[in-house]
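One letter stands for each residue in the lines below.
2 protein chains.
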Amino acid sequence: MKIIKLAAMTCLSVFVFVNGVIPTATIADESQRQIGYGRGGRMQGGAVSERSKEPIRPIPISFDYDTAKIELGKKLFFEPRLSKSGWITCNSCHNLSTGGVDNLPTSIGHKWMLGPINSPTVLNAKFNLAQFWDGRAKDLKEQAKGPIANPMEMASNHGLAVGVLQSIPAYVRWFKEVYKDEKITIDNVADAIAAFEETLTTPNSRFDAWLNGYDDKISESEWQGYDLFKAKVCITCHNGFGVGGNSFHKFGVAKPYDKDTQTLGRYNVTKDEKDKYVFKVPLLRNIELTAPYFHDASVWSLREAVNTMAEYQLGVALTDDETDKIVAFLRTLTGDQPSILFPILPPSNENTPKPNRN
Amino acid sequence: MKIIKLAAMTCLSVFVFVNGVIPTATIADESQRQIGYGRGGRMQGGAVSERSKEPIRPIPISFDYDTAKIELGKKLFFEPRLSKSGWITCNSCHNLSTGGVDNLPTSIGHKWMLGPINSPTVLNAKFNLAQFWDGRAKDLKEQAKGPIANPMEMASNHGLAVGVLQSIPAYVRWFKEVYKDEKITIDNVADAIAAFEETLTTPNSRFDAWLNGYDDKISESEWQGYDLFKAKVCITCHNGFGVGGNSFHKFGVAKPYDKDTQTLGRYNVTKDEKDKYVFKVPLLRNIELTAPYFHDASVWSLREAVNTMAEYQLGVALTDDETDKIVAFLRTLTGDQPSILFPILPPSNENTPKPNRN
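Protein chains in written order, with my numbering: chain Z, 1 to 358; chain V, 1 to 358.
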């Protein structure tokens with residue numbers, strides 16, 4: 001059914017102007033809108049423009065992609081030969097089957113080395129103002145280079161990774177098609193991966209449908225949860241397209257965060273004392289899929305995560321009912337996960353550097 | 001384009017009788033057949049029936065699948081929570097991006113433990129008379145249970161793996177839909193995985209097209225390679241749908257195999273002295289994708305693999321020209337890899353056993 005939907009969306013794309021944003025929740029809902037669904041009820045007309053002032057914005061749907069580049073980027077995202085072992089891919093830690101994360105406290109890397117920090121989701125990562133918890137990469141392209149050469153992650157190096165691709169005629173052909181150059185560079189590898197990752201957004205959440213005027217897409221208590229989310233000022237940090245990701249803030253504003261005092265966060269980038277324990281505010285899109293939570297993965301339950309935030313960031317204690325409602329609201333932020341046709345990768349040959357599991 | 005093709009094939013399936021075999025090479029070629037392509041040339045009519053006596057059989061295309069079951073099986077095939085770490089899947093070692101194998105000498109398992117033997121491909125595995133190199137599992141269903149509980153592979157146990165699935169309402173619903181039972185069993189888990197794996201065939205290779213009467217699909221030297229493959233009696237073991245997989249034979253018939261004397265093969269199952277160094281004959285379908293070769297992964301090049309077989313199994317030395325032609329023929333056995341829409345998996349919850357990386 002997803003295939004048919006994708007095909008339908010592809011057909012439809014010719015009708016959408018370049019980089020256009022479809023002003024309704026889903027393609028399927030377009031017909032509902034025309035037959036009046038979501039225009040009645042408590043909204044009575046003006047709600048769309050009213051909700052356009054909400055601090056959370058619906059994820060735009062874009063068709064303005066360089067198809068050849070994102071197809072190449074997808075192959076690279078699933079390419080185990082970018083790792084020293086020939087076994088670890090971008091998808092190993094940012095699994096598109098499971099919300100763009102590995103659902104582990106910290107990721108497993110080369111030789112089963114365990115990373116120092118929880119892996120953030122790749123879904124909607126384009127909405128982050130910078131990448132990594134400490135924002136040390138300015139964008140997805142810069143981020144993509146990191147894990148390939150990190151000895152605790154893919155443990156390769158840029159020369160080797162490029163050498164592997166350069167040895168495979170199909171890759172040479174694809175890179176030439178996209179970058180007009182037979183010489184593959186790590187910059188182009190990262191550029192293609194980033195281009196693919198930019199497509200990994202999750203539109204059409206129930207909350208986005210509500211933002212677009214479809215009242216019945218969220219329940220009364222979910223709506224109350226959103227009201228509480230604003231009233232308790234969670235919204236100060238968690239807003240915009242990603243419901244977060246657009247600012248850095250200290251973890252432990254109202255009360256020093258005592259569960260992890262080792263990870264210094266943004267300080268590692270700026271060496272500025274006031275940036276100690278400052279982290280990029282994580283995206284809350286699809287948050288129900290991406291446990292465990294926080295940079296230190298100290299919490300597995302979304303309820304507990306909400307209460308921790310209230311305690312350490314806002315200095316308030318929520319009632320059980322308030323927590324329930326905020327959690328219910330957060331669950332409305334789960335959108336359509338990307339439909340990915342699993343890529344078929346070209347084989348190695350006698351010129352391809354061999355994998356090394358050691 | 002693959003999506004469109006898949007959609008077209010789905011539409012077409014209603015015209016194909018249950019379990020039917022499409023008598024031409026590909027759907028796309030159907031039109032070519034009607035305009036005469038492949039019916040002319042050196043074949044002149046009778047070639048299809050003549051080639052129907054060839055010892056290699058074209059892979060049949062079947063649409064007789066239980067869709068709900070294979071969709072569930074696909075999810076399980078890509079389900080990291082079947083492993084103790086929550087990180088290793090069936091696809092980790094039988095990667096559908098890379099010919100159904102990991103292209104490693106032996107697979108990497110839990111805590112980076114390295115397996116004892118090269119992982120065979122899952123593609124066309126349904127054509128094997130039994131599973132594993134020593135044939136210790138009688139079918140795909142029996143095979144599927146092994147790695148989940150193998151401490152060197154996924155390192156879980158059947159109770160834990162089933163417990164994880166049972167804790168997730170979506171899985172309970174899917175299992176109930178397929179097996180009419182809310183209680184998930186390891187037997188049903190394996191049954192669903194096996195059902196998915198049975199769909200993982202690779203029809204439409206150039207060689208199959210040739211078998212189906214399309215002369216121009218293979219070149220003169222590829223055809224000569226096939227003739228040599230028969231003349232040198234490789235065909236004695238490598239025949240049928242899988243071009244192998246349907247018999248057990250000793251590795252080292254003409255000359256004792258001296259590169260690995262540790263792995264006893266079929267003997268481990270039968271304890272019969274004459275089964276020492278006896279292995280299931282591997283499938284040669286897509287062989288260009290599945291290096292390194294042999295149970296001990298002792299060879300990375302297809303040329304060298306062919307020469308090794310000639311030396312140890314047949315006691316002959318091939319000329320360079322003969323090896324080249326046989327290799328050229330083997331490359332015609334690469335078929336259409338399965339089109340897999342990457343599954344979206346349901347999230348864990350507070351009742352789900354946590355992953356354990358230790």
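Mixed in with the good hints, there may be bad ones.
[Unchecked claim] Take a look, some chain V residues computed to stay more than 10 Å from chain Z by CB distance: (1) Lys255; (2) Asp260; (3) Thr263; (4) Asp275; (5) Glu288; (6) Pro343; (7) Glu350.
[Stated by the list, open to error] Output of the computed footprint for chain Z on chain V, the stretches with three or more beta carbons under 8 Å from beta carbons of chain Z: (8) 93-101; (9) 110-117; (10) 184-197.
[To be verified] Not everything, but these chain V residues come out facing chain Z in the computed CB check (under 7 Å): (11) Leu104; (12) Pro169; (13) Trp223; (14) Asn268; (15) Leu289; (16) Tyr293; (17) Ile344; (18) Leu345; (19) Pro355.
Hints in this document: simulated from the structure, not taken from any laboratory. We put the beta carbon where it would ideally sit given N, CA and C, even for glycine.
Against the structure, the hints come out as follows:
no., hint, verdict
1, Lys255, "25 Å, holds"
2, Asp260, "18 Å, holds"
3, Thr263, "19 Å, holds"
4, Asp275, "30 Å, holds"
5, Glu288, "6 Å, violated"
6, Pro343, "6 Å, violated"
7, Glu350, "6 Å, violated"
8, 93-101, "holds (count 5)"
9, 110-117, "holds (count 3)"
10, 184-197, "violated (count 0)"
11, Leu104, "6 Å, holds"
12, Pro169, "13 Å, violated"
13, Trp223, "23 Å, violated"
14, Asn268, "25 Å, violated"
15, Leu289, "5 Å, holds"
16, Tyr293, "13 Å, violated"
17, Ile344, "5 Å, holds"
18, Leu345, "5 Å, holds"
19, Pro355, "6 Å, holds"
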